[in-house]
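Kindly generate the complete structure, drawing on both the sequences and the hints.
Heads up: the sequence shown is residues -29 to -1, 1 to 290, going by mature numbering (1 follows the signal peptide of the UniProt record, and there is no 0).
These are computed hints drawn from the structure, not numbers from a lab.
Heads up, the beta-carbon is just placed ideally off N, CA and C, and yes, glycines get one too.
A hint or two may mislead.
Unchecked claim - Straight-line C-alpha distance at most 30 Å; calculated DSSO-like pairs for lysine-lysine:
no., residue 1, residue 2
1, K66, K86
2, K272, K29
3, K140, K237
4, K266, K276
5, K237, K6
6, K161, K78
Claimed, not checked - Restraint-style ranges between C-beta atoms, simulated for each label pair:
no., residue 1, residue 2, range
7, S137, T82, 41 to 51 Å
8, D30, A158, 25 to 35 Å
9, S137, K109, 41 to 51 Å
10, V105, D162, 23 to 33 Å
11, P196, K86, 44 to 54 Å
12, A218, K6, 49 to 59 Å
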Amino acid sequence: MKLPFAGRLLAVAVLAAASVALPLSSAFADDTAAKPKVGLVMKSLANEFFVTMQEGAKDYQKAHSADFDMITNGIKNETDTSAQIDIVNQMILAKVNAIVIAPADSKALVTVLKKASDAGIKVVNIDNRLDPDVLKSKNLNIPFVGPDNRKGSKLVGDYLAKKLASGDKVGIIEGVPTTTNAQQRTAGFKDAMDAAGMKIVSTQSGNWEIDQGQKVASAMLSEYPDIKALLAGNDNMALGAVSAVRAAGKAGKVMVVGYDNIEAIKPMLQDGRVLATADQAAAQQAVFGIQNALKLVKGEKVDAKDGVIETPVELVTKQ
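Have a look at this one:
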């Protein structure tokens, strides 16, 4: 059912408030009736990883502008779940055909996504997997398109372990504890460290952010002066850990690893400040999500195994 004219103006106002740059011509309005509209909901756009992801999606949409339109928005920090819920509600009001979301929290976003699904909107989950049990409790079937985070962090941890001796002390700086990807990356790091006989002396959250990563790393270095390595759940926190190591006068004595392979980490891989990270194809993650969302809009099946469409993740080192 079409909205009355006043309702259409309200929908346009909602998009403008969300800082979405879309042409508002009548030709565009006629065009969108024939093309599906995808809403891309990002996590913190203060994080280079999600900026890269969003830019990859925009480039893809430009190359396929005849096939679909896209509106996109994201939150300011990694823990602002209420703002992300508001963005999803804006997407529902805008009557998008599909939502592709990197949720800030694996549980808190499920209720509003249920609302979207009940409104006939197809939903695809990227980056951070929604909690399968909570989805089941809401009778929701939302495919997750993304890498195996536990496998990826274990690759990084295994590489680090080769540079350490059994019994060495290490610390883990994890992401937001309520997110599945943080939990899985921490689990992968622990798998690698336990297998190599390392002693994990501390696991603390840096909430995916540089400043908090630095704060946590500084505390670990102070409490455990003989610590040999810091394993960060993303490259932002690894950047913070590098700063903490330098400030403590331990450059070259404490190894740092990360996850994401953002641009800012690449010079540090080359000069040894960071030993390794993992690349999970940031520029392509949202694209993979969009491609599968469009399949669902067309009524096609997606190639999910146990609700997951796995994407690549690779170890990245100086070599």
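Outcome of the hint check:
no. : hint                       : verdict
1   : K66 with K86               : holds (12 Å)
2   : K272 with K29              : holds (24 Å)
3   : K140 with K237             : holds (26 Å)
4   : K266 with K276             : holds (16 Å)
5   : K237 with K6               : violated (39 Å)
6   : K161 with K78              : holds (24 Å)
7   : S137 with T82: 41 to 51 Å  : holds (46 Å)
8   : D30 with A158: 25 to 35 Å  : holds (33 Å)
9   : S137 with K109: 41 to 51 Å : holds (46 Å)
10  : V105 with D162: 23 to 33 Å : holds (25 Å)
11  : P196 with K86: 44 to 54 Å  : holds (51 Å)
12  : A218 with K6: 49 to 59 Å   : holds (52 Å)
Hint compliance for this structure: hint 5 alone is broken.
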